[in-house]
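Number of protein chains: 2
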Amino acid sequence: MERILSFVESNKDRYLSELKDFLAIPSVSSQSEHNKDTRACAEWVASQMRTIGMNNVQIFETPGHPIVYCDWLAAAGKPTVLFYGHYDVQPVDPVNLWTSPPFEAAIRGENLYARGSADDKGQVYIHLKAIESYMKNSGNLPVNIKMIIEGEEEVGSANLDNFVKGKKDLLKADLVLISDSAMFARGVPSVCYGLRGLAYMEVEVTGSKSDLHSGSFGGSVHNPIQALSETISMLHDKNGRIAIKGFYNDVRPLSKAERTAYKKLPWNDKKYAKDLGAKQLYGEKGYTTLERLWARPTLECNGIWGGYTGEGAKTVLPAKAFAKISMRLVPDQSSDRAAKLFERQIKRIAPKTVDVKVRALHGGEPAITPIDSPGVQAAVAALEKGFGKKPLYQREGGSIPIVVQFKRILGLDTVLLGFGLPDENAHAPDEHINLDNFFGGIRTSIHFYNELPNYWKNGKKK
Amino acid sequence: MERILSFVESNKDRYLSELKDFLAIPSVSSQSEHNKDTRACAEWVASQMRTIGMNNVQIFETPGHPIVYCDWLAAAGKPTVLFYGHYDVQPVDPVNLWTSPPFEAAIRGENLYARGSADDKGQVYIHLKAIESYMKNSGNLPVNIKMIIEGEEEVGSANLDNFVKGKKDLLKADLVLISDSAMFARGVPSVCYGLRGLAYMEVEVTGSKSDLHSGSFGGSVHNPIQALSETISMLHDKNGRIAIKGFYNDVRPLSKAERTAYKKLPWNDKKYAKDLGAKQLYGEKGYTTLERLWARPTLECNGIWGGYTGEGAKTVLPAKAFAKISMRLVPDQSSDRAAKLFERQIKRIAPKTVDVKVRALHGGEPAITPIDSPGVQAAVAALEKGFGKKPLYQREGGSIPIVVQFKRILGLDTVLLGFGLPDENAHAPDEHINLDNFFGGIRTSIHFYNELPNYWKNGKKK
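In the order they appear, the protein sequences are chains A and B.
At position 458 of the first sequence the residue is numbered 458 (the numbering used here), and the sequence of numbers has no breaks.
At position 289 of the second sequence the residue is numbered 289 (the numbering used here), and the sequence of numbers has no breaks.
Just to be clear, a hint being listed does not mean it is correct.
Because identical chains cannot be distinguished in the list, a pair is counted as satisfied if it fits within a single copy or across any two copies.
To be verified - Taking lysine-lysine pairs in the BS3-like style, the calculated list, with each CA pair at most 25 Å apart, reads:
#1 K78 / K167
#2 K274 / K209
#3 K245 / K78
#4 K347 / K238
#5 K352 / K238
#6 K270 / K238
#7 K390 / K271
#8 K274 / K256
#9 K352 / K270
Read the hints as simulated data drawn from the structure, not as lab findings.
All chains, full assembly: derive it from the sequences and hints.
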C-alpha cells in the first residue's frame with residue numbers, strides 16, 4: 001500500500017495535466033451542437049481505460065450518447081464492484097460569469113476550475129487514477145472491477161436503463177460504486193446514504209396567437225407572463241410548503257434518530273446564507289435547513305422566459321411565456337406520480353383566460369441505502385484512512401436516478417463515495433474541485449478497493 | 001387634383017418597389033449591431049427627400065441615431081406643417097415566427113409584410129409619395145412643409161427633445177402632423193385625438209451570489225424566479241386593477257360623452273378575442289374593452305427571463321431573474337410619477353429574502369388633442385375624400401411621447417393621421433400594412449395638404 005500511495009504523491013502533476021485534457025472536451029449532452037465533442041469525450045475515456053490496464057474496453061452505442069465500458073476480472077474469489085460515472089457535463093451559460101473559460105481548466109488557490117471538474121469528470125478521474133496507481137505497483141487489483149461511464153446523466157440517463165436491462169450478465173456485480181456527490185463540508189468526509197428524486201416539468205402559457213403591441217392591445221387580454229407568474233406564485237403556501245394537492249401523501253417522515261443525527265452535524269445557518277450571498281434563508285416551516293435539503297421535497301423554478309429579453313425596451317405583449325420547474329422528491333414519492341399531481345394542479349390553478357400546456361421532461365426516483373451494508377462500511381473505513389478522519393453519515397439533496405435503476409434491474413445496493421464539496425458550483429459558473437479532496441479521493445478509492453474484500457468472503461457478504 | 005391622384009394610380013408599382021428598398025434596411029435602433037444599418041437608413045431617407053423635390057435636406061447628428069430634416073417653404077401666406085416620423089424599427093425576434101424574412105418585404109393577399117411596414121416606415125413613405133405626386137404635377141405644394149424623421153422612436157426618442165429645444169426657429173410651424181397610428185378598423189377611417197403615455201421599467205431579483213445546483217441547494221433559499229413571480233402576481237388585484245399605491249390618483253375619469261361615443265363604434269368582444277386567438281378577454285372590471293385600451297392605464301410584462309431557457313433540462317437554481325414591465329398611462333398621469341410609484345410598490349411587496357433592483361428604462365406622457373382644432377378638422381375632411389367615408393374619432397392605446405414634447409417645447413398641437421390597422425402586428429412577427437390603406441393614405445395626405453389652407457387665413461386659424 002505504501003508504494004501505491006507514494007506513487008500517487010509523485011505523479012500529482014501528471015494526473016492534473018491529464019485531467020485538464022479530459023475537462024477540455026465540451027461534452028455538453030443537452031446541446032446537440034456538442035454531439036461531436038461528447039463522442040470525442042467517450043473515446044478519450046476509452047483510451048484512458050486501455051492506458052491504465054483495464055480489459056475489454058468497449059464503446060456501446062445508444063440512440064443518444066455512447067456508454068463506455070471496461071472491466072478487470074482477474075481477482076478470483078473477490079467481490080466485483082460495478083463503478084458508474086458520467087463523462088457528460090451541464091451547459092455553461094451564463095458563460096460571461098465564469099472567471100476563466102469553462103473548458104480551459106485553471107488552478108486558483110486550492111481549487112481546479114472547469115465545467116465537469118466536480119460533476120462528474122473529476123470524480124470519475126479519481127477512480128481511473130486509483131486503479132492506475134494500484135495496477136502499476138501491484139500488477140493487479142484487490143477486487144474485480146467493471147466500469148460504465150455514460151454520456152447522458154445530465155439529460156436524465158434516457159438510454160442507460162435499456163442498456164443495463166440488456167446487459168444484465170455483463171454488469172453482474174456485488175455492489176455499485178458511484179462518486180458523483182459531495183462530502184458534507186471541507187474537512188468533513190462523509191458517506192451519503194440517501195438521495196432525492198426528481199420530476200422535471202415545463203409549462204407553456206399562451207395568451208394570444210401572436211405577439212401584440214403592448215400599447216394597442218395592453219389591457220384587453222391576459223398577459224401570459226403575468227398569468228404564468230400568478231400560477232407560479234400559487235405553488236408554495238405562506239409556510240413555504242408546496243401547494244400541490246396530494247403532494248405530501250407519500251413523503252416518509254423524518255425519523256427522530258435522523259433529526260437528532262443531523263442536529264449534531266457542524267452547521268451554521270448564518271454562515272451558509274452568507275456563503276451563498278442570500279439575504280435570508282427560505283424554506284418549509286418546521287424544518288431545519290439540512291432537513292429541508294435532504295429529507296423534504298422541494299419545488300424550484302429552473303428557468304423562465306417570455307417576451308423581449310434583449311437590450312433596451314420593446315413594448316411587446318408576448319403571445320407565450322414558459323417556465324422549467326422541477327420537484328426534488330424524497331422516499332416514498334414517485335416521479336411519475338409527482339409529475340401527474342403537478343400537471344393536475346397547474347391545470348386547476350392557471351387562469352382560465354390563457355391556454356396552458358404541461359410537459360414532463362424527465363424524472364428519477366429518490367433512494368435510501370442501508371448504512372450497515374458491507375459496501376457502505378468499507379467506504380467508511382476507506383474514508384477514515386484516506387482523509388485521516390472518521391466520516392459522518394449524510395443524505396444528499398441532488399438526484400442520481402440510476403441508483404434506483406441499479407437496485408431495480410440488477411438488485412444491487414449503491415455506495416455513494418462523494419469527493420465534491422457543496423459549494424463547488426456544480427451546474428453553475430466557476431464549477432471547481434478542491435485539490436486536497438481530489439488527491440484524498442484517489443487515496444480513499446485505493447483504500448476502498450483494498451478494504452472491500454475484508455467485508456466479503458468467497459463473493460458473499462461476511 | 002385629378003391629375004395628381006391619377007399620377008398616384010399610375011405609379012403604384014414604382015412606389016411599392018421603392019418602399020421595399022426602404023424596408024430592406026434593418027434599422028433596429030435598440031440593437032447596437034445595427035448602428036451601421038440605422039445610419040444607412042437615415043441616408044436613404046435624405047436621398048428620397050432630395051429626389052421628391054424637398055429643399056434644405058440635412059442629417060443632424062445626435063449622441064444616438066441621426067435625425068433627418070428637410071423643408072419646402074415657398075407657399076407664402078400658407079400654414080406650415082411640421083411632419084414627424086421615424087425611420088427606426090423594433091427588433092425582429094422571435095424571427096422564426098415570421099412567415100417571410102422581416103427585411104425582405106413580401107406581398108401576400110392585400111398586405112405588404114415587413115418589419116417597419118406599418119410602424120413607421122410605411123406611413124412616413126405615404127407622405128413622401130404624397131409630396132412627390134403633388135410636386136411633380138403642380139410644381140409646388142399647397143402648404144409649407146418641414147419634415148423631421150428620427151431614428152430613436154423605438155428606444156424612447158432620447159435625443160429628439162434636445163434637438164427640438166435647440167432648433168426652435170428651424171422647426172417653427174403651425175401644427176404637427178404624425179402618421180404613426182392605426183385607423184379604428186378596416187374600412188373605418190378615423191382621427192385619433194388621444195394617446196397613452198408610457199413608463200418602461202426593469203426589475204432585477206437576486207437570490208444568491210451565483211447559480212446553484214437545484215438538488216444540493218433547493219429548499220434552502222428563495223428562488224429568484226419564484227420571488228419575481230410572487231411580486232408580479234401582486235401587481236394586479238382580483239378586479240384586474242393595477243395594485244400600485246396611489247397609481248390611480250391622477251387618472252382623469254372617462255366623460256359620459258366619451259363612454260357614449262365609444263359604445264357607438266362597431267365592436268364585438270367575441271370577434272376581437274377570436275381574432276387575437278385569446279381564450280377570454282381580461283382587463284379592469286367596470287370598463288368596456290375600448291375603454292380599457294384607450295382611456296385606462298395598464299401594466300404589462302413585456303419580458304421575463306432567468307435560469308436555464310435552452311433545450312432540455314438543467315437543474316439550476318438561478319442567482320437572478322429579470323422582468324421588463326411597462327405601464328401605459330392616461331391623462332393626467334405622469335411618467336416620472338408612475339415610475340416612482342412602481343419602484344416604491346415593488347420595494348414594498350417583494351419578498352425580504354431577495355435583493356430587488358428597479359430601473360426606469362424610458363417614459364412618455366399621455367396626450368389629448370382638441371378635436372375642434374383646425375388641423376384635426378382638415379384631417380377629417382381629407383380622410384372623407386381619401387377613403388370616401390366620414391371618419392370617426394378615437395383614441396389610441398399606444399404612446400407617441402413626442403406629441404407631448406411638441407406641445408411643451410413648440411406650443412404646437414398634433415394631428416394624428418393613422419393609416420395602420422390595429423391587427424397589423426406592429427412590434428410582432430409578420431408586421432404588415434394593408435395596401436388599400438397605403439394608397440388611401442397617399443390620397444388622404446394629398447387632400448390634407450390641399451385642404452389645410454382652407455382652415456387657416458394668413459397663417460392664422462380661420
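Requested in this report: Indicate which option fits the pair K352, K238 if close means a Cα-Cα distance not exceeding 25 Å: within, between, both or neither.
Outcome: both (24 Å within a copy, 13 Å between copies)
Query raised in the report: 25 Å Cα cut-off: does K274 pair with K209 within a copy, between copies, both or neither?
Result: between (45 Å within a copy, 9 Å between copies)
Query raised in the report: 25 Å Cα cut-off: does K390 pair with K271 within a copy, between copies, both or neither?
Result: within (24 Å within a copy, 73 Å between copies)
Requested in this report: If the cutoff is 25 Å on CA atoms, where do K347 and K238 land: within, between, both or neither? Let me know, please.
Outcome: Both, since 21 Å and 19 Å are each at most 25 Å.
Query raised in the report: Can you tell me if K245 and K78 fall within 25 Å by alpha carbon in one copy, between copies, both or neither?
Result: Answer is neither; intra-copy 50 Å and inter-copy 74 Å both fail.
Query raised in the report: How do K78 and K167 come out at 25 Å by Cα distance, when the copy is not named: within, between, both, or neither?
Result: within (21 Å within a copy, 93 Å between copies)
Query raised in the report: Checking K274 and K256: alpha-carbon separation at most 25 Å within a copy, between copies, both or neither?
Result: Intra 29 Å, inter 58 Å, cutoff 25 Å: neither.
**Report entry** Up to 25 Å CA-CA - K238 versus K270, copy category
**Finding:** Within one copy only: 22 Å inside a chain, 38 Å across chains, cut-off 25 Å.
Query raised in the report: Is it within, between, both, or neither for K352 and K270, if the alpha carbons may be no more than 25 Å apart?
Result: Only across copies: K352 and K270 sit 16 Å apart there, 42 Å inside one copy, limit 25 Å.
Violated hints, listed in ascending order, are 3 and 8; each of the other numbered hints is respected by the structure.
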